[in-house]
Amino acid sequence: MAGRHDELAREQAVVDRLYARLDELRATARARLAAVRREGPSGSPQNRSERDAFATMYEDRAARLDAVEDRLAFGRLDLESGEERYIGRIGLTDDEHRALLTDWRAPAAQAFYRATARHPDGVRRRRHVVTTGRTVTGLEDEVLDLDAVDDGLDASSLSGEGALLASLARRRTGRMSDIVATIQGEQDRIVRDELGGAVVVQGGPGTGKTAVALHRAAYLLYAHRRLLERSGVLLVGPSRSFLRYIDQVLPSLGETGVVSTTIAELLPGVTADAVEDPVAAEIKGRLLWRAAVKRAVRARERVPATDVPVRIDGVELHVRRRDVRDAISRARRTHKPHNEARATFVREMLGKLVEQYRERTQREVTEHDLAVLTEDLRADRDVRVAINLAWFPITPERLVADLWSKPHRLAEAAPELSDAEREALRRDPDAPWTEADVPILDEAAELLGEDDSVARAEARAAEARRAAEIEYARQTLASTGAGQGMVDAETLAARFAESGPSLTTAERAAADRSWTYGHVVVDEAQELSPMAWHTLVRRVPSRSLTIVGDVAQTSSAAGARSWQKTLGSVLRDGWRLHELTVSYRTPAEVATTAQRVAVAAGLPVSPLTAARDAPDSLVVAPTDDLVGETARRAAEEARRHVDPDGAGRVAVIAPADRVNGLRGAVAAAVGEALGPEEGRRLAAQRPEDAQVLVASPREIKGLEFDAVVVVEPAAVAAGAGGWGDLYVAMTRPTQRLVVVHAGELPAGLMHEG
1 MAGRHDELAR EQAVVDRLYA RLDELRATAR ARLAAVRREG PSGSPQNRSE
51 RDAFATMYED RAARLDAVED RLAFGRLDLE SGEERYIGRI GLTDDEHRAL
101 LTDWRAPAAQ AFYRATARHP DGVRRRRHVV TTGRTVTGLE DEVLDLDAVD
151 DGLDASSLSG EGALLASLAR RRTGRMSDIV ATIQGEQDRI VRDELGGAVV
201 VQGGPGTGKT AVALHRAAYL LYAHRRLLER SGVLLVGPSR SFLRYIDQVL
251 PSLGETGVVS TTIAELLPGV TADAVEDPVA AEIKGRLLWR AAVKRAVRAR
301 ERVPATDVPV RIDGVELHVR RRDVRDAISR ARRTHKPHNE ARATFVREML
351 GKLVEQYRER TQREVTEHDL AVLTEDLRAD RDVRVAINLA WFPITPERLV
401 ADLWSKPHRL AEAAPELSDA EREALRRDPD APWTEADVPI LDEAAELLGE
451 DDSVARAEAR AAEARRAAEI EYARQTLAST GAGQGMVDAE TLAARFAESG
501 PSLTTAERAA ADRSWTYGHV VVDEAQELSP MAWHTLVRRV PSRSLTIVGD
551 VAQTSSAAGA RSWQKTLGSV LRDGWRLHEL TVSYRTPAEV ATTAQRVAVA
601 AGLPVSPLTA ARDAPDSLVV APTDDLVGET ARRAAEEARR HVDPDGAGRV
651 AVIAPADRVN GLRGAVAAAV GEALGPEEGR RLAAQRPEDA QVLVASPREI
701 KGLEFDAVVV VEPAAVAAGA GGWGDLYVAM TRPTQRLVVV HAGELPAGLM
751 HEG
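Per full-length UniProt numbering, the sequence shown starts with residue 1, numbered consecutively.
Worth double-checking, as some hints may not be accurate.
What the hints assert, rightly or not - Mimicking DSS-like on lysine-lysine, the simulated pairs with C-alpha atoms at most 30 angstroms apart in a straight line are:
(1) Lys294 / Lys352
(2) Lys336 / Lys406
(3) Lys565 / Lys352
(4) Lys294 / Lys336
(5) Lys406 / Lys294
Claimed, not checked - Label pairs and their in silico Cβ distance ranges:
(6) Arg572 / Gly628: 49 to 59 angstroms
(7) Ser81 / Glu507: 38 to 48 angstroms
(8) Ala34 / Arg427: 21 to 31 angstroms
(9) Ala379 / Arg325: 17 to 27 angstroms
(10) Asp277 / Ala27: 32 to 42 angstroms
(11) Arg381 / Arg38: 51 to 61 angstroms
Please keep in mind that the hints were generated in silico from the structure rather than gathered at the bench.
Backbone N, C-alpha and C define an ideal beta-carbon position, used for all residues, glycine too.
Make the full structure from the sequences, and use the hints.
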């Protein structure tokens with residue numbers, strides 16, 4: 001006992017030294033940042049640029065150091081060489097550059113996750129250091145070579161699974177925790193896989209797919225920082241709730257520069273929050289839209305049925321069909337997007353009209369006259385109308401809205417669709433966008449490019465802003481006497497413009513639709529349609545992706561049922577498959593039952609072994625009072641799992657059309673059981689924040705809870721997401737699943753009492 005106490009004291013001294021060094025580095029970063037900010041917007045443009053770069057660097061450094069406060073050091077390797085190597089969230093060195101803490105992503109830390117008694121990799125002992133705040137509260141030792149361990153260590157008390165089991169037993173908090181201290185060997189091999197190509201991680205519920213994806217992103221940023229800091233990493237999740245749920249994981253691993261988004265939020269300036277009909281979503285997810293959007297764009301480049309007369313200065317000219325045909329051909333040969341190629345088309349058409357004018361008037365035209373005539377033609381309403389009808393400038397939003405609201409536009413663009421399919425897509429021109437629209441809008445944006453008229457308007461607006469800034473600077477100099485005659489208004493205005501904040505790579509990437517990333521991580525990837533995959537692959541020309549999901553959990557009508565079929569069309573053979581087979585989240589009885597139901601339904605279920613048992617983890621409760629029994633069971637699970645300090649999460653998962661009807665009853669029952677304040681937690685709370693949540697399967701995708709109450713499982717399976725939704729719902733709990741039903745149970749579910 002005394003020996004164990006001494007070991008705790010020894011590790012506490014080490015942890016104290018590491019935190020002291022962390023505090024020192026934080027203070028240095030903040031002091032340097034403050035010094036840079038004190039310099040202010042002065043000096044040459046080069047000096048200001050350097051100042052902004054240093055400010056960004058110190059801000060990023062301070063953010064990283066702040067984010068690794070919790071569990072800074074979590075492991076120790078005792079090597080055969082006699083060295084003791086501490087493993088933590090980041091690497092730390094002293095003033096002499098001697099290693100104090102090894103970053104978990106460094107090659108020197110790999111043995112912490114992979115060494116076994118059969119393959120010790122030079123390790124005698126692996127120690128898990130358990131901390132609460134900055135205090136060491138426990139040690140878990142795993143001896144890989146008993147003969148090499150000091151005689152004073154009680155080998156019979158050692159266990160290598162303590163840290164993992166402790167992390168599984170902790171109550172949920174509404175935010176995902178990292179698993180950096182408990183990464184298992186099969187997970188670590190995926191995390192450290194090479195950057196090139198696409199890594200596909202298939203695994204059943206609770207196998208740690210999301211954690212692996214996030215840790216892999218952190219590892220790649222560490223191992224390939226120079227490349228990925230320039231181009232950035234994109235993380236795509238299934239919902240904003242899910243992204244909020246995982247938002248602390250990467251910062252806690254020392255990374256703060258990743259762009260997180262959903263498919264619905266992928267296009268800057270586009271809000272896509274409407275709910276799509278499943279039939280329409282499946283149609284919009286097909287790859288046929290690549291050709292259909294191209295046809296829709298080409299339809300805006302057309303030769304008029306007859307020559308169009310126009311009159312300039314009393315001279316009658318004609319926008320001739322043959323001239324339009326030649327100008328369209330020339331513009332298309334530029335291989336520029338539609339709106340950008342339009343400049344070539346307009347220039348060619350104006351040139352043809354100028355030639356007609358000269359032929360009709362038989363006048364010598366000077367260069368000046370030629371320029372004036374060209375501008376007169378450009379400004380003439382009839383000429384503008386005729387040119388626009390032949391080559392129409394259009395935004396992606398207008399192009400796609402016309403497809404859905406104008407049957408003739410959709411028919412000419414997508415003749416391969418049936419009449420019934422076209423009717424399923426029909427909607428009002430001002431209808432809100434849905435997630436299924438976004439890949440089609442992105443395809444349209446790629447083919448259309450920037451509207452040159454918009455660019456000209458922006459240039460005029462920028463010129464007006466510049467004039468206003470110069471006038472403001474002139475007034476400032478006049479009223480204050482600043483500059484003493486050595487600085488003019490133009491110089492001062494330029495200085496104002498250049499002193500704004502510089503954007504990080506992540507901020508620039510998030511605002512730029514055409515940005516290409518060095519790596520893309522996709523979670524819940526089975527939900528993506530073929531068009532969504534096409535959109536994502538456009539953003540990563542290197543085809544370097546981490547793709548995690550489970551085809552048995554697919555609920556989207558346009559989602560994947562086979563990785564080979566889904567990815568083959570966009571990645572060909574450039575991907576490799578890893579499978580995770582151990583469920584760390586779901587108790588064995590729950591996992592086995594959920595798999596039995598999924599197999600009976602014909603889902604492509606991956607092999608799954610549960611890592612642990614939990615007593616009374618499954619209850620099947622028949623009832624004649626579905627609402628009352630659900631509320632009672634939810635309150636019972638809340639009493640069992642929810643703490644007033646904010647720990648513990650319970651979810652009631654019901655068919656979408658029954659969620660609103662259950663919320664009031666559940667809130668009342670929870671309020672009666674735990675107090676009115678707890679009942680009020682249900683009101684207007686986001687899924688990742690509510691301690692007791694009533695939601696549909698779609699809303700809890702990717703989340704986990706201590707306990708789950710599934711309401712009427714057969715009705716869940718009959719909903720839009722099908723059997724995949726039921727499989728998702730049944731596999732969310734870490735401790736207990738309660739199934740409440742009034743109707744027939746699906747095959748594979750048995751009454752447990």
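Hint by hint, here is what the structure shows:
1. Lys294 / Lys352: holds, 28 angstroms
2. Lys336 / Lys406: Given pair Lys336, Lys406 holds - Cα atoms ~27 angstroms apart, limit 30 angstroms.
3. Lys565 / Lys352: violated, 51 angstroms
4. Lys294 / Lys336: The hint holds at about 13 angstroms.
5. Lys406 / Lys294: holds, 17 angstroms
6. Arg572 / Gly628: 49 to 59 angstroms: Since the Cβ atoms of Arg572 and Gly628 sit about 55 angstroms apart, the hinted range of 49 to 59 angstroms holds.
7. Ser81 / Glu507: 38 to 48 angstroms: holds, 45 angstroms
8. Ala34 / Arg427: 21 to 31 angstroms: violated, 54 angstroms
9. Ala379 / Arg325: 17 to 27 angstroms: holds, 25 angstroms
10. Asp277 / Ala27: 32 to 42 angstroms: For Ala27 against Asp277, whose Cβ atoms are near 57 angstroms apart, the range 32 to 42 angstroms is violated.
11. Arg381 / Arg38: 51 to 61 angstroms: Given range 51 to 61 angstroms: holds, Cβ gap about 58 angstroms.
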